[in-house]
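**Q** Spelled out from the first residue to the last, the chains are:
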Amino acid sequence: MIDHLIVLLVVLPILGAAVPPFASLRYDRIGWAVATVTTLGHAALAGALAWTVWTDGIVRYAVGGFAAPYGIELVADGLTILLVVLISAVSLGVLAYARHAGPHANSFYSQFLLLVAGLSGMTVTGDVFNLYVFLEITGLAAYGLVASGPGVRSAVAALKYLVIGTIGASLYLLGVGYALAATGTLNMADLSVKLADAGYDSTLVLTAFGLIVAGLLVKVALFPIHTWQPDAYADSPDSVSAFISALVSTVSAYALARVLFSVFTVDFLEAVPIARRALVTVACVSIVAGSALAVAQSEVQRMLAYSSVSQFGLVIAGFAIATPLAVAGATVHLVGHAVMKGGLFAASGIIERKTGATTVGGYAGIAGRAPAAAGAFTVLALAMVGVPPAVGFVGKWYIVLGAVDAGLWPVVVVLLASTLLTLAYFARLGERLYFAEATIAPESVAADGGERVSTAMIVTVVVAAVLAVGLTAAVPVVDQLLDKTVFELMLQ
Amino acid sequence: MTLDLLTTHYNYYAVVLLLGIGLYTVIESRNLVKKVIGMNVFQTGIFLFFITLAYRAAGNPPVVTEGAGPYVSPLPHVLILTAIVVGVSLTAVALALVVRVYSEYGTLDEDTLEQLYHD
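Chains as they are written, first to last, in the numbering used here: chain A, 3 to 494; chain B, 6 to 124.
Think of the hints as simulated: they come from the structure by calculation, not from any bench.
Being a predicted model, the structure only gives us computed values, none of them experimental.
Using N, Cα and C, we set each Cβ at its ideal position, and we do this for glycine too.
Only true hints are included.
Restricting the straight-line Cα-Cα distance to at most 25 Å, the calculated cross-link-like pairs of lysine to any residue (SDA-like) are: (1) B/Lys39 - A/Ile227; (2) A/Lys196 - B/Leu80; (3) A/Lys196 - B/Tyr76; (4) B/Lys39 - B/Ile89; (5) A/Lys196 - B/Ser78; (6) A/Lys196 - B/His82; (7) A/Lys196 - B/Arg61; (8) B/Lys39 - A/Asp233; (9) B/Lys39 - A/Gly153; (10) B/Lys39 - A/Val154; (11) B/Lys39 - A/Arg155; (12) A/Lys196 - B/Val77; (13) B/Lys39 - A/Ala216; (14) A/Lys196 - B/Thr57; (15) A/Lys196 - B/Ala59; (16) A/Lys196 - B/Tyr60; (17) A/Lys196 - B/Val83; (18) A/Lys196 - B/Ile56; (19) B/Lys39 - A/Thr229; (20) B/Lys39 - A/Pro226.
Heads up, incomplete: computed chain B residues facing chain A, CB under 8 Å, no partners named: (21) Phe47; (22) Gln48; (23) Ile51; (24) Phe54; (25) Phe55; (26) Leu58; (27) Leu84; (28) Val91; (29) Ser94; (30) Glu109.
Here chain A stands alone, though its shape is the one from the complex (with noise of 0.2 Å):
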């Protein structure tokens, strides 16, 4: 049992989403009962698999005992934990705030489970042709889950966000071609190494980079092929866009980290400096690019959505400056932005409910209305923005020195600058929220009847925004599993 804890961490939700179908046929609403002991299942899994790589390192496991490089191998180590503890975590949260906050359908809980799947998949993954099925099975439940939306629009967002997240994948798998025609092997351990034989100059090792990292680079929605996003995370419903704006991106930005690290290798990016300058260069452009359109939104969903852009783009950054500092802040960004952007978007769809707001001129005066989630929305906004002591600060204080020690001064200042633009999109909210006259009168909501919000919607949102803030606490402890199991390996 204990030997089978990395692959039953997908095993398990995929069995739990094959249970909902078939309990329809008897029980009208059992889908959540069915997700939330399968996820709470798959956290103690999750928290069990942490302890054996803190206590004892790299876990691998070759699955139907196939050897690597043959077989498939699925391997963790501090990175795969930090993010399958974090896959955990958010899927409960968004399950307490789906609770009353709905889809109630079985078939909507059905495909949450294959997302979770999915996406530990693409977590625990040592394979580059197993990372390509996990990631359309992501990719296939989150097309699910954007068009479980009531009304036809959520539709049309997942078929555009279905149609270029397939490009994507599709590129992803020509790379994956490439470098199997340069290397004849799928394993990424054995990859590093028989890439390096081949040659880092030559043109199918070149090719294969180029082409994995576009396609994965479509699938994080970095500015210009963030199109699908903005549509896919504000016409679907919140707590799906709580939950894929937490997780889908951040897993995709995670399997680029360990497509550059654990099969590369930074002795790659060492040898091809503009294959470096190039993903810095996109990176930065779209940090820029994405507070831009952030702060030209008046819609706050879109709004938070082209945030993502930009932040995403600080994670990419920090991975392709790829010092031990930089790869930690962004590490640590890529987990604090999880939290943080899931709260928001929970944050908002609470407002939405309580008061009808969903613009930005409608924010005007209505945090009285909703005290605890226009509170929590604004602790998330500042922690966003990196005011310390929050998590979004030594994210980006680490990314920032890594620059330094790089010696890539304009990245520095863009890095700099993107705290200016994030804070233009933020403030801009909190002043409407607390010291602006309403335009939204509460006798229109109150005639509406005002939907109703549960304590653990509440709850979920509070608790986002205490881990914005205490997760900086932690910082040390990702760095330690870092050094232990990550680092040794990049700079041997």
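Please build the complex by placing chain B on the supplied structure of chain A, with the hints as guidance.
**A** For chain B alone, kept in the frame of chain A given last:
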């Protein structure tokens, strides 16, 4: 030389053509069903690329029998079987969404949909 490349590498030309046609259709066509078709053509290009990788001159089918080697590589075939299954599922989901959009708006044209949004 050029003729030689043409006659020995025609599979790769087909791959490039399929990728190009597929991507162009996805970007250029305003019709949602044609976009899904373009996506399929693009994926087919990748499938052909992998299958071509597996080819080996005078290779036998990869069923191990005495003295039958050399074999073509079975690995890309298996990968593409998986990728085809993924592609079918994606097409199914995409078409389900197309049906939902059409039953609501009665159009599959992106520009018309945009207009309907703003009304």
